[in-house]
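So the sequence lines, in the order shown, correspond to chains A and B.
At position 89 of the first sequence (counting the first as 1) the number is 89 in this note's numbering, and the numbers step up by one without a gap.
At position 382 of the second sequence (counting the first as 1) the number is 382 in this note's numbering, and the numbers step up by one without a gap.
Hint data in this document are derived by calculation from the structure and do not stem from the laboratory.
Just so you know, these numbers come straight off a predicted model, no measurement behind them.
C-beta: ideal position from N, C-alpha, C; glycine also.
A couple of the hints might just be wrong.
[What the hints assert, rightly or not] Stretches of chain A that chain B covers, calculated by requiring three or more beta carbons in the stretch to come under 8 Å of a beta carbon on chain B:
#1 16-22
#2 47-59
#3 64-77
[As the list claims (entries may be wrong)] Label pairs and their calculated CB-CB ranges:
#4 B:Arg585 to A:Gln119: 30 to 36 Å
#5 A:Glu104 to B:Gly701: 51 to 57 Å
#6 A:Glu52 to B:Glu472: 56 to 62 Å
#7 A:Arg125 to B:Gln604: 24 to 30 Å
#8 B:Arg470 to A:Glu104: 23 to 29 Å
#9 A:Arg125 to B:Met495: 30 to 36 Å
#10 A:Glu104 to B:Glu576: 31 to 37 Å
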Amino acid sequence: MTMYSETTRKAVVLVVDDFADNREMYSEYLAFSGYDVIEATNGKEAIDAAQERLPDIIIMDLSLPVMDGWEATRRLKADERTRRIPVVALTGHALAGHSKGAREAGCDSFLAKPCLPDQLVAEIRRMLEGGKANITKTKGAR
Amino acid sequence: MPALVPTSRSGTESPREAVASARLAFAEILLFSEDPVECARAAVDWLAERGGARKAICALIDAQSGTVQHVSASGVADGQIETLQLALEDPQHPLVFALAGREPVTLAKNGRRNGHSVDPWRGDFLAIPLPLSEKREARQGLLLVSPSRCEPEAKWAAELLGQKIARLRATAAVVEGEHRLQRERELLLNIINASPDPILLTDPEGRMIISNARADALFSTKEGESEGRHRAVTLNNMLFSAALSQQAIDESGAARRELLLVSPSEGSDLLFELLSSVVQHPREGTCVVSILRNVTDLRAATEQIEENYRRLKVAEADVRAERDRLDLIIDSVADPILVTDPSGKILLMNSPAERLFTAPESDETKEAERAVRSNDAHFSSFVSNLFLTGSGLRWRGEISLFDPATLQPLPVEAVAGKVLSEHGEVTAVVTILHDRTEAIEKARLYEQLKAASEQLEEKVREATAELVRRNELLQRQHLELEQASQLKSQFLANMSHEFRTPLNAILGYTSMLLQGVSGEMSGPQKNKMLRVDSNARHLLSIINDILDISRIEAGKMPLHLEEFEMPALISELLAEVEPLTQKSRLQTVTEVHLPVSAVYSDRQKVKQIVLNLLTNAIKFTPQGQVKVTVGADEERRELRISVQDTGIGIAPHDYEKVFEDFRQADNSVTREYGGAGLGLAICRRLAKMLEGRIELQSQVGAGSTFTLVIPRRGKRR
């Protein structure tokens with residue numbers, strides 16, 4: 001089910017999640033779906049990884065240890081090198097305040113957990129193809 | 001003296017002719033003389049000159065007094081005349097004798113007559129009484145001549161003189177009588193004129209015979225007086241005549257009546273009392289004497305007196321009425337009232353006072369009497385105190401009395417007021433007694449009440465403090481509860497997050513396995529994996545429901561009001577539940593009766609509620625149909641969306657239960673039909689958010705109808 005040809009450079013996706021099963025589940029499926037995946041377990045690592053690898057897109061869990069997703073997003077968006085990288089917020093917190101806070105922090109899109117791996121891929125594809133940011137969409141897989 | 005006949009003639013006449021001539025001369029004198037004295041003088045003179053007498057004396061006797069009235073003498077000494085005066089006092093005197101007789105008496109020379117000496121009359125005297133024409137008794141006088149030989153001439157002269165004197169005296173008597181009568185008449189007229197009342201004598205025809213000045217003023221006029229006066233007099237005469245003729249003069253001859261006349265001088269009315277009496281007039285016959293008494297002033301005075309009397313009566317009646325009213329008022333006052341004179345004597349008291357100051361009649365033990373006496377003493381002391389110390393008009397004090405009826409102490413408050421006369425003297429003292437028992441009792445009760453009130457106040461204060469304390473506690477608890485609620489919501493939110501994180505992994509991996517990411521699975525493997533997926537999704541829906549409730553309760557459920565088309569929403573819903581209805585082979589019917597299809601509300605929440613009702617209906621309806629009806633209550637401007645099923649139904653006593661959290665009508669239902677039982681609880685909360693409600697009609701075994709009622713145009717909160 002590879003979406004890109006062998007010669008095409010694979011898009012790099014940074015998956016930030018402190019819960020290993022989710023992070024690895026998404027990584028495996030994203031790799032299965034043809035993306036280069038790098039992982040980070042907190043906001044600090046995410047910033048480091050983003051600055052080092054400059055990924056095409058960042059999937060950001062918001063509740064993170066050390067540095068949370070909002071803070072990390074704010075810093076990435078404040079950094080000239082990383083500010084153009086789209087950030088998709090992905091959180092189990094479905095309360096209204098979360099998506100609002102995410103947008104204020106600079107997230108370009110918002111997905112609520114539980115989010116099935118194929119839904120995430122569809123969103124990444126939409127974002128990378130220059131589609132409109134899904135920042136107002138609060139609904140996950142209900 | 002007039003002389004019609006010559007007193008002397010020529011000497012040629014004869015002696016007889018001479019005697020006749022002399023007599024004629026005397027007769028002539030007498031004829032023309034009107035004075036007895038003159039006649040007596042003439043007689044003496046004539047006797048001396050023509051009758052041949054040397055001495056002649058004529059004494060005239062006053063018939064009434066019997067004394068010598070006049071003495072004329074010729075040729076007699078004065079002393080002799082004086083003795084004549086003395087002699088007449090002696091009845092035995094010869095002269096007196098002569099005077100009493102008819103015939104001449106000769107007084108002899110130094111002669112004696114019955115032993116009396118006639119010494120002064122020495123000589124030859126003849127005493128001839130002057131005769132009266134008829135009566136012998138009254139002697140008019142005595143003619144004394146000397147010598148006695150001239151008796152014939154003297155007798156003749158005496159006869160003539162006697163007759164003349166008698167005639168003159170008779171005439172004088174008549175004149176005197178007339179004079180007296182005139183005086184008496186004048187006196188009488190003066191008397192009647194002096195009367196202030198008009199007096200009239202009228203003849204039988206009513207003509208006035210006599211009237212006094214007052215009467216004249218009313219009934220007669222003089223020339224030159226005013227016309228008004230004439231008229232008044234005429235009128236008065238008419239009125240008077242009428243009064244007399246109308247008057248029934250009774251047999252007694254006197255009558256009284258009133259007569260109204262006009263004052264001729266002033267023209268004012270004059271009221272008279274007419275007093276008439278009949279008199280017999282020797283010439284005129286039956287006449288009427290009328291006396292008019294002016295009673296004008298009397299009448300006015302009488303009327304004034306009557307008016308005064310009437311006023312007095314009225315005033316008296318007023319006073320009596322006032323007094324009666326006062327008595328009534330005084331008696332109606334419950335407090336004893338006493339009126340005393342300055343000495344302390346009770347003049348008046350009302351019935352309540354009588355109960356205190358008079359002993360009851362059936363007083364066997366005399367205790368009541370003692371109480372009354374004690375009361376009297378206390379009261380008297382109070383009143384005398386008023387005079388001793390009370391300089392003002394009022395005096396207030398307290399007296400300890402006893403009630404004679406119950407013999408109980410009766411403390412009273414006494415208020416006394418002095419009643420002053422015009423001159424400022426105290427005429428009476430009015431005292432009002434007011435029973436203080438009640439006041440004292442009230443004061444006692446007031447004290448109790450005050451104490452009780454203070455206790456109560458203390459209790460209230462304590463209670464208030466307690467209340468404040470409890471309120472603080474409640475507030476603290478409320479705060480704690482709020483915090484707990486907040487914590488709960490936070491906890492649920494966190495729980496939801498914590499649930500979602502592993503569920504995300506389960507659903508993700510299941511999805512990946514079912515997609516064959518790790519290689520194709522066998523049929524049975526795939527089936528079991530589908531069950532994992534289904535249960536994971538169910539768990540997710542429960543978690544979502546819990547999250548919804550906690551969001552609503554935390555007030556974090558946002559409301560998005562917008563305008564949308566109702567029919568489109570219904571179609572969308574039916575499309576969503578179509579897989580379910582197809583699976584359960586249920587018939588779905590929709591009826592939309594809307595005058596205006598646009599609705600202003602939260603579309604997503606309306607959809608969530610109706611979707612829940614639909615899935616419930618499908619879930620609890622084994623067979624038959626599910627009908628969705630959309631209608632409007634125009635009057636209440638409400639929208640009604642009904643979901644009617646032919647399912648198992650709900651018993652009336654379970655109507656409320658189905659809306660409670662985690663409840664289904666029957667626990668067995670949960671096992672049979674699944675679901676957390678949160679759906680209707682959420683629906684009801686959401687409907688409330690939309691200012692609406694959910695109505696339920698159901699019958700066990702026949703089906704249920706759930707109706708969402710919301711305003712057609714919701715208000716933004």
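Going through the hints against the structure:
no., hint, verdict
1, 16-22, "holds (count 3)"
2, 47-59, "violated (count 0)"
3, 64-77, "violated (count 0)"
4, B:Arg585 to A:Gln119: 30 to 36 Å, "32 Å, holds"
5, A:Glu104 to B:Gly701: 51 to 57 Å, "55 Å, holds"
6, A:Glu52 to B:Glu472: 56 to 62 Å, "59 Å, holds"
7, A:Arg125 to B:Gln604: 24 to 30 Å, "27 Å, holds"
8, B:Arg470 to A:Glu104: 23 to 29 Å, "44 Å, violated"
9, A:Arg125 to B:Met495: 30 to 36 Å, "33 Å, holds"
10, A:Glu104 to B:Glu576: 31 to 37 Å, "33 Å, holds"
When each numbered hint is compared with the structure, violations occur for hints 2, 3 and 8.
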